[in-house]
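Q: For reference, the chains in residue letters:
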Amino acid sequence: MAVVLATEPINPAILLAEAETQSNGAGALASFTGLARRAGKDGDTITALVLEHYRGLTLASMQAIAAAATARFALAHAHITHRSGRVLPGEAIVFVAATAPHRAAALDAVAYMMDRLKTEAVFWKYEETAGGKRWIEPTETDHARVTAWSL
Amino acid sequence: MAVVLATEPINPAILLAEAETQSNGAGALASFTGLARRAGKDGDTITALVLEHYRGLTLASMQAIAAAATARFALAHAHITHRSGRVLPGEAIVFVAATAPHRAAALDAVAYMMDRLKTEAVFWKYEETAGGKRWIEPTETDHARVTAWSL
Amino acid sequence: MAVLTVELCGRLADMAAAAAVTLDVAEDGLSIADVRGHLARTFPALTDAITSDKVRACVDEAIVDDRAIVRAGQAVAFFPPLSGG
Amino acid sequence: MAVLTVELCGRLADMAAAAAVTLDVAEDGLSIADVRGHLARTFPALTDAITSDKVRACVDEAIVDDRAIVRAGQAVAFFPPLSGG
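Chains as they are written, first to last, in this note's numbering: chain A, 1 to 151; chain B, 152 to 302; chain C, 303 to 387; chain D, 388 to 472.
Treat each hint with caution, since some may be false.
[Claimed, not checked] Selected chain D positions facing chain B (Cβ under 10 angstroms, derived; list incomplete):
#, residue
1, Gly397
2, Asp401
3, Ala405
4, Cys445
5, Ala449
6, Leu469
7, Ser470
8, Gly471
[Said to hold, decoys possible] Here are the simulated lysine-lysine pairs, DSS-like style, with alpha carbons at most 30 angstroms apart:
#, chain 1, residue 1, chain 2, residue 2
9, B, Lys192, D, Lys441
10, C, Lys356, A, Lys133
11, B, Lys284, B, Lys192
12, B, Lys284, D, Lys441
13, C, Lys356, A, Lys41
14, A, Lys41, A, Lys133
It is worth saying that the hints were derived from the structure and are not from the lab.
Quick caveat, the model's predicted, so the values are computed rather than measured.
Note that the Cβ used here is the ideal one computed from N, Cα and C, for glycine as well.
Take the sequences, apply the hints, and build the full model.
A: And the structure:
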């Protein structure tokens, strides 16, 4: 398990290569990268996505999610790297990867980790635009997705 | 859309970096890498996975799958690179990526492309072991998965 | 009387125009409910948010309920809905 | 009479111990059903597979059914179940 809170830009390609070396003979490696958008919902230009975290609790919340995914999907390896601070458009906000013997487990684990990160990882974030800050909170869909995993 | 039939080893990290540059402002990038196993179901050592393809039909079958995923999930970009020939344990057999505005579409598109590749891409493959060749065919689960997408 | 520092996370800091607030507390401490009430009175713009059950209290890096008692020296923070990923 | 080359893909080549087979065909061609019958008679080990509807026929890079007529010079191949990914 590799869980990193990064305050500098992250490189998904390098992280995927690392996850690949941690496959431990498992045949399936799934990943998800969240990239900072260039335009808001109403089309205005976003100059940055700014993420705030809270002390050690943020990393602990990420570790709990990676550990739960590892147990639930019998993963060979789980990886979460999450940015904090000012993320420029096109930069990666989050990279998640899972290796498992079969593809369904690896892909489901990545979806599961992303769904939980959206609503349970200790971050707050806002889009910075010419018009000011716009705080982003999970949508109803985000809440419904994370609830579905506990049914 | 990028679809490649590769007869030499492929590098998933480089392919993910390429897919990232093709995100076209979309916020979600999902990927799947299939890695050649080191041991068979009964624990014997696999010396190689050997894939055969058939003329232009193989690439055409991959292109049809990427195009269908692009249309179905409104992808910004779809990527499939598939090895043919002799793949050594730990090497990548297939790399699939999708970029989309939202994570569910990107992840579903990757699952969809993998499910269709398993049963519809024009390849045949066998594991090479000390005991000889062992041809691999899709399982009942593989067939059920691809059928589920057309319901 | 001693001083308790309360951190306001995410949009709460914008609402109060302050990332942290200090409160005087007696030696036997204050309940989280009392802290919420104090913040609502001090920062009217924060009232709706700070009295909502969607805003959670965190003491020394653990989420606590409104009956928890906090004393000077503890790390108290209020969390609006989390939003990672 | 002219010669038709038939490729055997995947495990079919192992079963026949040949990756390709040549057949004599008259100018008006042969149906795929006839080709299957010929292969079954020539390679008894191939009989079950080549007469199964799980093994598909491909002519000039298109999947065809058993009524399709093939002539010398066309690229004919038989495909056992596909297995990519």
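Q: Taking the hints in turn, state whether each one holds.
A: Results of checking the hints against the structure:
For glycine 397(D), the shortest C-beta to C-beta distance to chain B is roughly 3 angstroms, which falls under 10 angstroms, so the interface hint holds. Against a cut-off of 10 angstroms between C-beta atoms, the interface hint on aspartate 401(D) holds, since the closest Cβ of chain B lies about 7 angstroms away. Contact between alanine 405(D) and chain B, as hinted, is not supported at the beta carbon level, the nearest pair being about 15 angstroms apart and thus beyond 10 angstroms. Checking cysteine 445(D) against chain B: minimum C-beta separation of about 7 angstroms stays under 10 angstroms; hint holds.
For alanine 449(D), the interface hint holds, since its Cβ comes within 10 angstroms of a Cβ in chain B; the closest pair sits about 8 angstroms apart. About 6 angstroms separates the beta-carbon of leucine 469(D) from the nearest beta-carbon of chain B, less than 10 angstroms, and the hint is met. A hinted interface residue such as serine 470(D) counts as satisfied when its beta carbon comes closer than 10 angstroms to some beta carbon of chain B; here the least separation is about 5 angstroms, so the hint holds. Interface hint status for glycine 471(D): upheld, as the beta-carbon distance to the closest one in chain B is roughly 3 angstroms, under 10 angstroms.
Restraint check for lysine 192(B) and lysine 441(D): the C-alpha separation of about 25 angstroms stays at or below 30 angstroms, so the hint holds. For the proposed pair lysine 356(C) and lysine 133(A), the alpha carbon gap of about 21 angstroms is at most 30 angstroms, so the pair holds. For the hint linking lysine 284(B) to lysine 192(B), the alpha-carbon distance of about 14 angstroms falls within 30 angstroms, and the restraint holds. With a CA separation close to 21 angstroms, the supplied pair lysine 284(B) and lysine 441(D) stays within the 30 angstroms bound.
Pair hint lysine 356(C) plus lysine 41(A) holds up; C-alpha atoms about 25 angstroms apart against a cutoff of 30 angstroms. For the hint pairing lysine 41(A) with lysine 133(A), the CA-to-CA distance comes to about 14 angstroms; that is within 30 angstroms, so the pair holds.
Of the numbered hints listed earlier, the single one contradicted by the structure is hint 3.
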